[in-house]
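K.L.:
Residue numbers (our numbering), protein chains in the order written: chain H, 62 to 374; chain B, 27 to 254; chain R, 0 to 473; chain C, 8 to 688.
Any given hint could be a false lead.
Said to hold, decoys possible - Reference listing, derived: stretches of chain R covered by chain B, where coverage requires no fewer than 3 residues with Cβ under 8 Å from a Cβ of chain B:
| hint | stretch |
| --- | --- |
| 1 | 119-129 |
| 2 | 390-397 |
Stated by the list, open to error - With the Cβ distance kept under 10 Å, some of the chain C side facing chain B (calculated, not the full set):
| hint | residue |
| --- | --- |
| 3 | Thr-525 |
| 4 | Pro-612 |
| 5 | Ser-666 |
| 6 | His-668 |
| 7 | Leu-678 |
| 8 | Val-679 |
| 9 | Leu-682 |
| 10 | Val-686 |
| 11 | Arg-687 |
These are computed hints drawn from the structure, not numbers from a lab. All C-beta atoms in this analysis are idealised placements derived from N, C-alpha and C, irrespective of residue type, glycine included.
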Amino acid sequence: MTEVLINSALQLVLLLLVAPLLSGTIKTLKARLQMRRGPGILQSYRDILKLLRKGMVIPETASWIFSAAPYMVFGTATLVGLMIPMTTTHAPFSLFGGVLAVVYLLALGRFFLALGGLDTGSSFGGLGSSREMTISAIAEPAMMLAIFTVALGANSTNLSEMAKVAVGQSWRFLAPSQMLAFAALFIVLIAETGRIPVDNPATHLELTMIHEAMILEYSGPYLALIEWGASIKQLVLMTLLVNTFFPFGLSSDWTLQTIGVGLAFYLAKLLTLACMIVLVETTNAKLRLFRVPELLMVAFILGALALISTFLF
Amino acid sequence: MPFVPNPELGNRIITLMAALVLVLQIAAVGQRGIVSSIRIFAVQSFLLGAIAAVIAYFNQASHIYIAALLTVFLKAGLLPRLLERLVEKVGIRREIEPLINVPLSILISGGLTLLGYVVAESFYHPEETSARAALGHNTLAVAIALFLIGFFVMVNRRKALTQVLGLLSLENGLFLAAISLTYGMPLVVEIGIFFDVLVAVLVLGILVFRIGETFDSMDVSKLRKLRE
Amino acid sequence: MEVVNLAAFAILLSLAVVLVAQVLRSGPVSLWDGFFYADALSALVVLLSAFVSLVCSIYAVGYFRHEESSGVLQEAKEVGGRSASDKLREYYALMPFLVFAMTLVALANNLGILWVAVEGTTLASVFLVMFYGRETSLEAAWKYAIIGGVGLSMALFGTILTYYSAYGALGTDTLAGLNWSVLARNAAQFDKPTMRLAFILILLGYGTKAGIAPMHTWKPDAYSEAPIPGAAILATGVLNCALYGLVRFYILSSKCLGPQFGSQLLILFGLLSMGVAVPFILVQKNFRRLLAYSSIDHSGIMVLALGFGGPLGILGMLLHMTFHSVTKPLLFFCAGNVQQHLNTDLFQKAKGGLIHSMPLTGAAFLMVTLAVTGSPPFSFFQSEFTVLRAGFARDHFVLAIFFVSFLVLIFSGFLVHITGLVLGEDPGLPAADMCRWKRYSVAGLSLVIVVMGFWIPAPLFRLIQGAVGIVVGG
Amino acid sequence: MNMLSLSTGFALSVAAYAAGAFASLACWRRPALARRICCSAALAGAVLGGLTSVLGILRDTPVAWSVPSGIPLFAYSFSYDALAGFFNLALAIPVAAVSIYSFGYLKELEGKRNIGLFGFLFNLLLLSLTVVFTAANAFLFLIAWEVTALTAYGLVTFYHEDRETRRAGLLYVIMAHIDAGCLLLGFALLINSTGSAEFASFRPLAAVLNGGQQTAAFVLFFLGFAIKAGVIPFHIWLPAAHPVAPSNVSALLSGIVIKTGIYGMARIFLDVLGGVPSWAGLLVLIVGVVSAVLGVLYALMEHDLKRLLAYHSIENIGIILMGLGAALIFRVAGHPMLAAVALVAAMFHTLNHAIFKSLLFLGAGSVLHSTGTRNMEEMGGLIRPMPVTAFCFLIGAIAISGLPPLNGFVSEWLTYQTLLAGFGAISGLRRILFPLAGSMLALTGALAAACFVKAFGITFLALPRGAKSRNAHEAPRTMLIGMGWLTLACAALGLGVTWFLPAFDAMTEQLLGQRVSTHLVTAHGLVLSAGMPTSGTVSPLVIAVGLLVLMVPAALLVVLGVRRFGRKRGPVWDCGLPGLSEENEYTATAFSKALRMIFSVLYKPRREIQAVFDVSPYFPKEIHFESEIEPTFEKRLYAPLQEFIFRVSSRMRTIQAGSIHAYLAYIFVTLVLLLLFGVRK
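All chains should be built: construct the whole structure from the sequences, respecting the hints.
P.N.:
Below, the structure is given as structure tokens:
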């Protein structure tokens with residue numbers, strides 16, 4: 062019991078700290094790749110702190126749903142964070158919810174965020190919610206297929222179990238099924254975290270924005286919670302990707318240096334994945350909204366292929 | 027020693043008369059005038075009565091005499107009279123063109139006669155060589171033919187009255203079958219049947235009369251209000 | 000006259016009950032050295048005819064009083080050339096004769112007399128059909144009389160041939176030669192080809208009377224022209240008589256030729272009738288003709304059941320006959336009330352929403368529609384389910400599917416029409432005047448129908464089973 | 008003792024319903040009294056039935072008894088086993104809520120409608136449902152089955168003045184009759200091969216029937232039950248009939264009446280037939296997937312609140328069938344354990360759907376009750392005038408979207424686990440179907456979430472979109488109590504699932520010979536596991552607590568921030584237009600636009616826009632926009648069929664053309680033919 066608490070406390074700290082760092086890093090890398098100086102990797106911390114220290118404006122039209130949304134987003138993201146293994150194979154909460162719980166908890170957060178968007182009564186909010194729900198909906202099957210491929214390999218939907226199995230056979234990621242699944246899940250990651258070519262986190266242009274449109278009316282601490290939650294969600298998804306497919310260095314015991322090693326490996330893996338994302342973002346243009354389904358269909362096909370290839374090879 | 031009538035001879039006579047009846051029937055098919063077809067029917071019925079009498083005589087089946095008398099009295103006497111009266115009342119004497127023209131109708135009647143023989147064939151038991159069987163074999167064919175042709179007349183003719191005539195001649199077929207096959211039905215039944223036929227004709231007569239005065243035409247093919 | 004009728008039929012019903020009791024207690028009863036003969040089958044038919052005639056005469060009182068007050072009878076006068084009261088007298092005189100004939104059909108031992116009695120019902124009912132003396136009723140009467148006449152002469156021919164086929168075996172030409180009680184005993188030695196032909200003619204003949212397709216064509220006309228109570232009796236009592244005759248000869252033929260020969264024909268005609276009824280029920284302008292087609296469908300069901308044969312089939316048929324005689328009159332009564340209320344029998348002239356102006360009739364109409372289309376909990380479901388089982392027992396899987404799909408189609412057609420008539424927004428008609436005769440007959444009969452869905456009197460069931468025994472084994 | 012109390016309890020609840028039916032009919036002239044009788048009788052019946060069902064669920068051996076019927080053909084024989092008990096529970100919970108709700112809901116009908124008749128039909132419906140779930144005799148089952156359909160028809164067409172209502176009702180009752188016909192044939196087949204109508208006599212049947220008969224039986228029963236359950240493509244009656252009924256009835260129709268189809272499948276396929284060929288199981292699974300996905304896709308396009316909910320019933324039936332199909336497959340494949348888990352998933356989702364769908368319909372009912380419209384485009388902002396209703400509806404929405412930690416999530420989670428396990432358990436290429444079905448389930452869930460964001464957001468949030476919703480008012484207390492009870496049930500079954508699971512043991516024991524609750528629960532009943540070691544675990548309770556705990560620091564941050572830097576209410580950014588008004592609010596149609604375009608292959612949407620321009624071609628004075636999607640099944644499947652039938656009928660009517668000569672000719676030809684037939688040797 063106690064070590065569960067300690068473990069989760071540690072992981073919680075890790076989550077809350079690494080998440081903004083990661084998004085900051087991505088911003089900076091992107092800037093550098095585009096020959097700009099960029100804001101520096103600590104920018105996200107500064108943003109959150111600044112927002113927390115601002116007064117907030119709540120739309121006259123909004124109801125309590127509007128205020129509930131930030132808490133739900135933040136809460137679900139962090140809770141999910143406790144369910145996936147980051148540096149060790151033992152995720153503190155893995156017993157209380159596997160990958161299905163992860164997906165559905167994120168969906169719960171999204172559900173409330175979309176309601177918050179509608180609650181303002183401005184058409185931007187509705188537009189954002191509509192697009193967000195649509196894209197996540199058609200992203201879902203692909204994600205599930207990809208995850209199932211891994212889960213079936215481990216025959217468990219429990220992330221720690223999956224990690225353990227992965228650690229056990231660490232060259233498995235070379236199997237075509239794993240590769241295909243990874244590709245599928247990567248596309249889904251792009252879509253879920255609202256990055257180019259699906260969404261552009263940096264824009265506030267009505268025609269293109271999705272996530273930003275939803276949270277247009279949020280300000281001050283609420284906005285801080287949402288941004289923070291979003292970055293945690295991004296971290297969680299990326300962790301899911303790196304740790305289920307490339308379980309190197311995941312420590313399976315509690316000695317200090319294994320954890321240290323695990324942490325180092327973990328950050329390194331995140332960095333590489335971040336680099337991939339940056340690469341994709343800079344080399345692609347944003348798709349028109351109705352081209353996105355085609356992209357996700359590709360992801361779905363990849364997932365299906367992955368599934369089939371599990372018992373072809 | 028008393029004179030024993032020879033059934034063989036009887037059969038010959040009966041068969042001959044039956045054939046005559048059939049001819050009359052076919053003649054009725056070709057007939058246009060209403061009154062004359064009534065007359066034909068009367069003669070036909072009279073012949074049937076005669077057949078009944080002959081059978082009664084040759085087989086000492088005394089109760090058939092009653093049937094014979096009834097036939098002659100009712101079908102050859104009373105009914106034709108009634109019908110002619112009706113014709114007077116309604117005042118329509120000629121049948122208009124039947125649905126199928128006369129030559130073809132006669133051809134069909136021939137076909138029906140053939141069918142009658144085919145059907146009767148199936149009853150013929152060569153092993154049973156009694157006079158009755160042979161007689162049955164011939165007259166049944168005629169009876170069925172009468173029945174079918176009478177039916178055909180009903181299908182074919184447009185006038186209410188001629189349909190009634192068709193019905194009556196059709197029943198003549200039955201009568202022929204009854205007397206020749208089984209030397210008549212049980213008497214009560216006979217009487218009942220006769221009574222019924224009489225009433226039926228009366229009812230139909232009333233109807234014909236009503237139709238006549240309501241539609242001032244006897245053409246039943248014009249009665250087509252009740253339809254889907 | 001009303002009183003006389005009511006009293007007479009009440010007495011008849013009680014006598015019928017006595018007869019039933021007698022038969023149940025001590026087997027077949029016969030009178031006048033076997034001129035009259037009553038076994039369970041005939042007792043059942045007598046009971047049903049008596050019941051029907053009583054119910055109808057109760058309703059008739061209300062019906063004709065309304066006709067008289069609304070002057071419909073005076074209209075009839077111009078054609079009929081008689082005054083309204085004469086018309087009434089005509090009806091009340093015809094009705095007992097018709098009922099007498101119906102009773103005689105069931106009680107006569109001699110098949111010839113049976114035929115005579117059936118012919119008698121026809122003659123009486125022809126007058127019923129032309130009761131209103133309109134052009135259409137003359138037309139209907141003519142078609143009825145001619146087609147019925149042809150049919151019956153076929154039946155007579157069949158009877159003669161039966162006599163002939165028995166002649167060889169019995170060799171008697173006394174009265175007993177056509178007595179059922181005699182024939183049934185030695186049907187086995189009858190001359191087979193003759194019997195075959197005889198049965199065909201009987202099937203066509205009594206089939207015409209029962210309105211089996213393709214001899215059904217007179218039915219819609221006759222039923223839609225006759226006064227409602229008369230039509231109700233035609234659709235139930237007279238129908239039963241025709242079927243009764245058919246059953247008697249079916250027994251002979253199945254004893255002589257084996258069940259196979261008769262069955263195949265009966266099944267064919269039964270399904271054909273049901274099938275023929277379907278399109279006319281689906282697309283129908285006139286709710287009284289709708290009723291006629293429903294009775295074609297029901298006679299089809301009964302014939303089909305007879306064809307399936309076996310204890311189940313026969314049980315199904317007789318149950319169906321019983322339920323039909325109880326249920327059908329109500330359908331006619333409701334139709335009659337609606338017609339008298341709206342002075343039309345066309346759907347599109349009736350605006351719908353009758354439930355507002357005539358709640359009792361409307362409700363009863365809906366209920367009896369469900370009942371007559373054989374949906375549970377009403378009693379037809381039991382008989383139809385039994386028939387279905389009989390069909391399965393004979394491995395007629397495909398036929399069973401046809402049977403059920405016809406039932407479903409008919410249900411749909413009926414419900415669409417009747418709900419369209421009864422439900423809907425209030426067209427603003429005045430409340431219908433329902434004198435108590437009409438009310439009681441409708442309400443009472445509805446009650447009987449509901450109860451019958453859940454409870455069949457044990458003696459009645461015993462009677463039916465006795466009848467089944469006669470058809471199957473006896 | 009137990010069995011005695013059980014049969015008496017059953018008898019009492021039935022008696023309560025019957026009494027309610029006839030009493031309320033009897034005093035139809037006094038509406039207030041009729042209303043009280045109707046509702047309290049239903050409540051009493053539900054409570055008694057619920058208690059009885061608890062007894063029944065816990066019994067390991069079925070209790071069978073038989074009542075002599077007035078019809079010599081058969082006896083009323085009942086058998087109260089765990090399955091019956093479970094469905095009676097699934098009946099009792101919503102009925103209790105609905106009957107409390109109706110106290111308030113029917114009040115406004117007093118004087119306007121015949122409440123006595125309503126009470127009669129309502130209680131009779133409940134009665135027949137109870138009998139359907141406990142009948143152990145084909146006759147009795149069919150009778151109760153049809154009575155259910157007829158009474159439901161009566162309730163659907165309760166507002167029969169409306170044309171649409173009448174048409175919907177007819178469609179419903181005709182489809183119901185078709186399915187009754189299929190069942191009739193199916194039972195006739197079984198009875199024919201055993202000679203008795205008792206379910207008990209069918210038990211050894213799988214051996215008796217030959218292959219063809221088994222196929223026939225399966226097809227007939229599947230058709231019958233699928234039509235009743237509103238499975239695509241037999242669903243067309245459902246979105247037509249459920250919305251037009253009074254809302255408390257819609258709740259029952261969607262909540263429990265369509266579940267009789269599920270009950271039938273469980274009873275016949277698992278219990279009576281004792282298993283069906285594996286292709287049949289696959290068929291059920293696939294049909295389930297199709298219904299789930301198409302159902303939710305059609306729901307997304309609706310902006311009639313009740314029609315939307317009706318389509319979601321189709322979706323959830325699909326989800327249930329996934330579990331049931333898996334159970335059938337596993338049973339044949341010889342994995343009773345897995346089959347039991349799958350069955351638990353299916354049955355648990357059945358119960359959950361019964362609860363949250365009734366809840367949602369009741370919510371829609373009170374919205375309709377206070378705004379007088381079913382059209383979401385005229386609603387909005389209702390959360391302020393009717394907060395309690397809004398909250399209950401929100402809970403229902405979360406539950407039906409399968410979001411944690413509520414009951415919908417749990418049963419969908421179990422379904423996922425079943426499907427995943429199927430991949431390992433079944434051999435051959437067909438096992439690929441299981442994960443694919445899983446992914447389709449994911450799609451369904453996500454789309455459902457989207458749909459309920461729309462349903463709740465457009466209905467309750469933002470500004471009112473019309474006068475009707477501007478002066479809306481909260482529903483009367485009884486209605487709120489009814490909804491609150493179901494809301495509690497949603498939460499309880501979600502959080503406390505591990506304590507509820509033993510309720511399935513007796514059922515799975517009887518149907519599959521397995522008790523699974525112990526395998527499904529680990530960590531001292533805190534955690535739900537998927538039955539197999541290391542297969543996957545989840546704990547709704549911990550999730551709920553964790554969420555709350557994690558929100559605390561967030562809340563602290565916000566509170567501190569607000570305390571120091573203040574918060575104020577301000578206008579919404581309106582792009583500089585003069586104030587935000589309902590015109591520039593987002594609409595339901597707009598919300599589903601994206602999906603409409605993505606799935607246009609399926610919807611074949613049709614839209615037309617007419618703009619009236621005043622001065623400049625850039626600022627239209629007014630715009631008429633209308634958009635509709637093609638009702639594929641009605642248009643491509645049912646309309647042609649109906650059209651064909653009627654064409655044939657009209658053609659056949661010419662045989663009755665009124666010519667007596669034709670009539671005589673028919674007979675003549677028949678005679679000649681038969682004579683020839685008769686003489687052939």
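K.L.:
Would you mind marking each hint as holding or not holding in the structure?
P.N.:
Hint-by-hint comparison with the structure:
Coverage of the stretch 119-129 of chain R by chain B holds. Counting CB-CB distances below 8 Å, 5 residues qualify, and the rule asks for three or more. With 0 residues having a beta carbon nearer than 8 Å to a beta carbon of chain B, the stretch 390-397 of chain R misses the requirement of three or more and the stated coverage is violated. A hinted interface residue such as Thr-525 of chain C counts as satisfied when its beta carbon comes closer than 10 Å to some beta carbon of chain B; here the least separation is about 69 Å, so the hint is violated. This hint is violated: Pro-612 of chain C has a C-beta 43 Å from the nearest C-beta of chain B, more than the 10 Å allowed.
For the restraint placing Ser-666 of chain C at the interface with chain B, the shortest Cβ-Cβ distance is roughly 6 Å, inside the 10 Å limit, so the hint holds. The criterion of a C-beta within 10 Å of any C-beta in chain B is met by His-668 of chain C, whose closest approach is roughly 6 Å, and the hint holds. Proximity of Leu-678 of chain C to chain B holds as hinted, the smallest CB-CB distance being about 7 Å (cut-off 10 Å). The beta carbon of Val-679 of chain C is positioned within 10 Å of a beta carbon in chain B (closest approach about 7 Å), and the interface hint is therefore held.
Here the hint on Leu-682 of chain C is kept, as its CB sits about 5 Å from the closest CB of chain B, short of 10 Å. Checking Val-686 of chain C against chain B: minimum C-beta separation of about 4 Å stays under 10 Å; hint holds. Restraint check, Arg-687 of chain C versus chain B: the minimum CB separation of about 8 Å is within 10 Å; hint holds.
Checked against the numbered hints listed earlier, the structure breaks hints 2, 3, 4; every other hint is satisfied.
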